[in-house]
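Novice: Those sequence lines, one after another, are chains P and E. Going letter by letter, the first sequence gives residues 1 to 626 in the numbering used here. Going letter by letter, the second sequence gives residues 1 to 334 in the numbering used here.
Hint data in this document are derived by calculation from the structure and do not stem from the laboratory. C-beta: ideal position from N, C-alpha, C; glycine also. Honestly, I wouldn't trust all of these hints.
A few chain P residues that don't get close to chain E, going by computed Cβ distances all over 12 Å [stated by the list, open to error]: (1) W317; (2) M346; (3) D414.
Across the chosen pairs, the derived CB separations fall in these ranges [claimed, not checked]: (4) N439/P x I84/E: 37 to 43 Å; (5) D368/P x K81/E: 55 to 61 Å; (6) Q164/P x D87/E: 26 to 32 Å; (7) L78/E x A218/P: 36 to 42 Å; (8) V625/P x L170/E: 24 to 30 Å; (9) M33/E x D254/P: 25 to 31 Å; (10) L187/E x A218/P: 35 to 41 Å.
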Amino acid sequence: MKKILALLLAAMMVVGIFAGCSGSDKPAETKAAAAPAETEAPAVTEAPAAPAESGAVELPRNETLYFAGQQWGTVNSWSPIGTNQNNSMAIAGNSGGYRTLMFETLYMYNFMDGSLVPLLADGDYAWSDDMTQLTLTIKDAAKWSDGTPVTAADVVRTFDIGVQVGNNTGTGFGAYISSIEADGQKVTINAALNDEGAPVNPLKVLDFLTGTPIAQAAWIDTVVDRCGGDTVAILNDAGDDVVWSGPYTKYYSDDQKVVLIRDDNYWGQDASMWGSLPVPKYIAHTIYADNAAGETALKAGEVDVCQQFIGNIQNLWEKDGLPISTYYEEAPYGVCLTMPTAWYNMNIPVLAENPALRKAIAMAVDYDSIIANAMTNQSPSFSDVPRSLMNPTDGEQALYDHAAVADLQWAGNDIEGAKAMLDAAGIVDSDGDGWRDWNGEKISLNAVCPNGWSDWQAAMEIVAAAGEKIGVEITTLYPEWSIYQTVFTSPSQTEYAIFMWSPDAASPSNPWQRVNQMMGKVYVGAENNWSGNWGQYVNDEADALINQIPLTTDSAELKDLYTKLTEIYLTEVPSFSLMYRPSLFHAVNESVWTNFPSGDDGRNIPPADCTDGYGIAALYELELVG
Amino acid sequence: MKGYRKYFGKKIIWFLITFVIAVILNFFLPRLMPADPVAAITGKMASGMTDASAVQEIYKRYEEEFGTNKPMWQQFLLFCKNAIRGDFGTSFSQYPRKVSDIIGSAIGWTIALQLPAIIVGWLLGNILGALAAYLRKGWDKVLMPVSLFMSNVPAFGMAVILLVVFGVNLKWFPIAGGYNFDMIPNLSWNFIKSVISHYQLPFWSIVLVSIGGQAVGMRSMSIYELNADYVKYARFLGIKDSKIVGYVFRNAMLPQITGLALSIGTMIGGALVAEIIFSYPGLGSTMYSAVTAADYPLISATTLIITVMVLLVTFLLDIVYGFIDPRVKAAQFD
Numbered sequence: 001m002k003k004i005l006a007l008l009l010a011a012m013m014v015v016g017i018f019a020g021c022s023g024s025d026k027p028a029e030t031k032a033a034a035a036p037a038e039t040e041a042p043a044v045t046e047a048p049a050a051p052a053e054s055g056a057v058e059l060p061r062n063e064t065l066y067f068a069g070q071q072w073g074t075v076n077s078w079s080p081i082g083t084n085q086n087n088s089m090a091i092a093g094n095s096g097g098y099r100t101l102m103f104e105t106l107y108m109y110n111f112m113d114g115s116l117v118p119l120l121a122d123g124d125y126a127w128s129d130d131m132t133q134l135t136l137t138i139k140d141a142a143k144w145s146d147g148t149p150v151t152a153a154d155v156v157r158t159f160d161i162g163v164q165v166g167n168n169t170g171t172g173f174g175a176y177i178s179s180i181e182a183d184g185q186k187v188t189i190n191a192a193l194n195d196e197g198a199p200v201n202p203l204k205v206l207d208f209l210t211g212t213p214i215a216q217a218a219w220i221d222t223v224v225d226r227c228g229g230d231t232v233a234i235l236n237d238a239g240d241d242v243v244w245s246g247p248y249t250k251y252y253s254d255d256q257k258v259v260l261i262r263d264d265n266y267w268g269q270d271a272s273m274w275g276s277l278p279v280p281k282y283i284a285h286t287i288y289a290d291n292a293a294g295e296t297a298l299k300a301g302e303v304d305v306c307q308q309f310i311g312n313i314q315n316l317w318e319k320d321g322l323p324i325s326t327y328y329e330e331a332p333y334g335v336c337l338t339m340p341t342a343w344y345n346m347n348i349p350v351l352a353e354n355p356a357l358r359k360a361i362a363m364a365v366d367y368d369s370i371i372a373n374a375m376t377n378q379s380p381s382f383s384d385v386p387r388s389l390m391n392p393t394d395g396e397q398a399l400y401d402h403a404a405v406a407d408l409q410w411a412g413n414d415i416e417g418a419k420a421m422l423d424a425a426g427i428v429d430s431d432g433d434g435w436r437d438w439n440g441e442k443i444s445l446n447a448v449c450p451n452g453w454s455d456w457q458a459a460m461e462i463v464a465a466a467g468e469k470i471g472v473e474i475t476t477l478y479p480e481w482s483i484y485q486t487v488f489t490s491p492s493q494t495e496y497a498i499f500m501w502s503p504d505a506a507s508p509s510n511p512w513q514r515v516n517q518m519m520g521k522v523y524v525g526a527e528n529n530w531s532g533n534w535g536q537y538v539n540d541e542a543d544a545l546i547n548q549i550p551l552t553t554d555s556a557e558l559k560d561l562y563t564k565l566t567e568i569y570l571t572e573v574p575s576f577s578l579m580y581r582p583s584l585f586h587a588v589n590e591s592v593w594t595n596f597p598s599g600d601d602g603r604n605i606p607p608a609d610c611t612d613g614y615g616i617a618a619l620y621e622l623e624l625v626g
Numbered sequence: 001m002k003g004y005r006k007y008f009g010k011k012i013i014w015f016l017i018t019f020v021i022a023v024i025l026n027f028f029l030p031r032l033m034p035a036d037p038v039a040a041i042t043g044k045m046a047s048g049m050t051d052a053s054a055v056q057e058i059y060k061r062y063e064e065e066f067g068t069n070k071p072m073w074q075q076f077l078l079f080c081k082n083a084i085r086g087d088f089g090t091s092f093s094q095y096p097r098k099v100s101d102i103i104g105s106a107i108g109w110t111i112a113l114q115l116p117a118i119i120v121g122w123l124l125g126n127i128l129g130a131l132a133a134y135l136r137k138g139w140d141k142v143l144m145p146v147s148l149f150m151s152n153v154p155a156f157g158m159a160v161i162l163l164v165v166f167g168v169n170l171k172w173f174p175i176a177g178g179y180n181f182d183m184i185p186n187l188s189w190n191f192i193k194s195v196i197s198h199y200q201l202p203f204w205s206i207v208l209v210s211i212g213g214q215a216v217g218m219r220s221m222s223i224y225e226l227n228a229d230y231v232k233y234a235r236f237l238g239i240k241d242s243k244i245v246g247y248v249f250r251n252a253m254l255p256q257i258t259g260l261a262l263s264i265g266t267m268i269g270g271a272l273v274a275e276i277i278f279s280y281p282g283l284g285s286t287m288y289s290a291v292t293a294a295d296y297p298l299i300s301a302t303t304l305i306i307t308v309m310v311l312l313v314t315f316l317l318d319i320v321y322g323f324i325d326p327r328v329k330a331a332q333f334d
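Turn these sequences into a full structure, and let the hints guide you.
Specialist: Structure below.
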């Protein structure tokens, strides 16, 4: 027995040693755990005394603006003429405008009023009378990071290389711009012409002005040389030696973060542009695993600007008392620019042949419940902003005659109206099983969106519930994203009956582009269709109206066209929007930085995360708290 | 010795056959998914593009580049040819990054997190389990239910609890990433401290869960062995207790060693939960995102690593078993 006791003692000692090991780990942990606080505190106090030199290994908190919700995964490239750079902070075109931290566009788009604010361009652009030519001048002050001036030749080279290698610029605008010419600082953009000699689409030419990062001609030549002219090599070039014109440049990137540093020689501090440098010295984005991680970091004050959907965001300040705010203090908190939409698949006969069925389902859906649950009221309701083809901004709402279509609009949850419509159309329950039939067969549809897109899934559940209420069987289906995107972009698919996707949000070519996506014939039958009309709806009348819009400049005529299109859309119901939604979420934590743009500050800076389009103006006006 | 050689010769042949079948499955299974990753890359590039025919062009270009327009068997031969040279091709989801580059930058973090966590969890669990078997009474009464509870807490549950309690509420440890959000990797003491503090929560979330399971297993094995006839007989013969306990421990350890080897072999997938919840860098989350994105080259490469690791550890296990278990040795010689 003694021996056993001795052995036990020995065993306990071993455990003790292990406990000791983990114990000796522990002090290190707690020390280290205190480290974040420690490092943060000295950083704040030290920084003013010794401004971090280039090569700093800790980013002073009061010189760094932290982001979340933009960069997922590791940066691939810094080349503005490539593709798949996965470099959200430096190279990203959004509906809210191009991100001009490192590379700059000719104009900055402001989705609050649809205006184009000159950036590399000097003053306004001018159209020729027949809209076949657009001219503009490059600012004299505009310089590349190597000190050479930005010239019209750079714009030409940027467009030409795009067409040559087929990057986003080339494939996106090649069909609308035939060529660009340079004459000193003067840029002439020649619109592509159709058979009648009219420009194909002047609106898309405007998109070029706000959506194309201009690259330096000399640097493009360097890339082409080192790639031996090989298209794929040019597209995949890492661009480590890139020349930029924007206020920030790359500082550090790995699979956990990307950091940009301010270029203190930035040309934009010239009086002809901003008159100063942007306030934060560093722009940093930690690469979070998912939205939840980004949200936790925002709450902890490790993120200043968060581009993520956060459910019940008002709780962060109302209940948790955190210094977090959004663009508007009250719901919907942000500016909604797009409408996540449920598309009817016209390859399915019962849907293609029965507009009454399409409209009845759409009328029965309880949108208020979708907006309250899926969007936690971060969307105006369809009673506030009646449904049309327009997003809720004042500019777009003014583009159609509200009174003319008032009879056609519906706010939802109209079960009796929907039932009556189906009865009148002869879509009734003929065999008494509780479900309506068509051609002697039970109507059975599915409502589909990608798995894990929880707000969309909630919306699809509500659509299915609406079906049940009116006697139409709708089941939900949530395939993985990789499968979903393969199916819904296929023009001949019959797997998904009602499925979700968002049309375009805002750009100079909207709402035309969105209307085209809703009903444009141009997309029907296109393979790998990421462009529009995912339900394959064909309406020649609508198509003719859509094609008139880009060439129409008279505002009354334009309003008439949009009103007619809205009438067709609300009568035919090829798809129905489920909610309004911002194209960028914009929540800020003001524990370090303040003076972010807000809806009532009169500055007209859009809530575009201080980075996109004219939203970047916010960076020049940020202030430190205290 | 001749028997030994014959035994291992046979084993090696079986492992090679397993390996070949595994490689074939690694290649073909992901490609049977009804998803088209080329469409995904095209979509990333084409979003917002109005011109449908331009999108088609992009699709064709990528199809050409990835060779997905070739017949499957040709793709397989190409895969084998390149894999031998360590080239697993280009990732779909992180195009144009090379698969080897993605794995290279992630695998260090996974091994540094998983290997110590698995070993520490295994050691602590076994010692606690053995103690429970010897001590019984009070120790066992506390340890047994606690172990059972811990071993049944799902890994993500444990990770979330640690995150909320020690990260969000107590703020003892950072909540995300492999190092401080305001740092750039360097060799300073501050950075190392930061890495260590970020290491804690993911590390303990793995250790705590594995301790419970190991302890429960070791306890039952030890109790079983303690009651075995040879122990009674040895006591009867008057053999020293310490010697007997040595026998008991050796016998009880055997299945535990198999468990250790297997968890080392599959550690890449095992790190997934900790990596996702703590936004910790590593191969688990890489593999997860590869699967959701139908990124065949990346899936094939990561599963190949797991296959090779499992095969290697089971092979090593066979050798080690010969030394620690005479019964196995005897069987091997037969």
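Novice: Does the hinted range 55 to 61 Å hold for D368/P and K81/E at CB?
Specialist: holds (59 Å)
Novice: Are all C-beta atoms of chain E more than 12 Å from that of M346/P?
Specialist: holds (17 Å)
Novice: Does the hinted range 36 to 42 Å hold for L78/E and A218/P at CB?
Specialist: For A218/P against L78/E, whose Cβ atoms are near 38 Å apart, the range 36 to 42 Å holds.
Novice: Assuming the hint says 37 to 43 Å, is it satisfied by the Cβ distance from N439/P to I84/E or not?
Specialist: violated (59 Å)
Novice: According to the definition I'm using, a residue is off the interface if its beta carbon is farther than 12 Å from all beta carbons of the partner; does D414/P meet that for chain E?
Specialist: For D414/P, whose nearest Cβ neighbour in chain E is about 34 Å away, the distance exceeds 12 Å, so it holds.
Novice: Assuming the hint says 25 to 31 Å, is it satisfied by the Cβ distance from M33/E to D254/P or not?
Specialist: Roughly 30 Å apart at Cβ, these two residues keep to the hinted range, so it holds.
Novice: Just to be sure I understand the hint, the distance between the Cβ atoms of L187/E and A218/P should be within 35 to 41 Å; is that true here?
Specialist: holds (37 Å)
Novice: A range of 26 to 32 Å was offered for this pair. Does it hold for the Cβ distance of Q164/P and D87/E?
Specialist: holds (29 Å)
Novice: Does the Cβ pair V625/P, L170/E satisfy 24 to 30 Å?
Specialist: Given range 24 to 30 Å: holds, Cβ gap about 25 Å.
Novice: Would the non-interface assignment of W317/P survive a Cβ cutoff of 12 Å against chain E?
Specialist: holds (17 Å)
Against the hints set out earlier in the document, a violation occurs for number 4 only.
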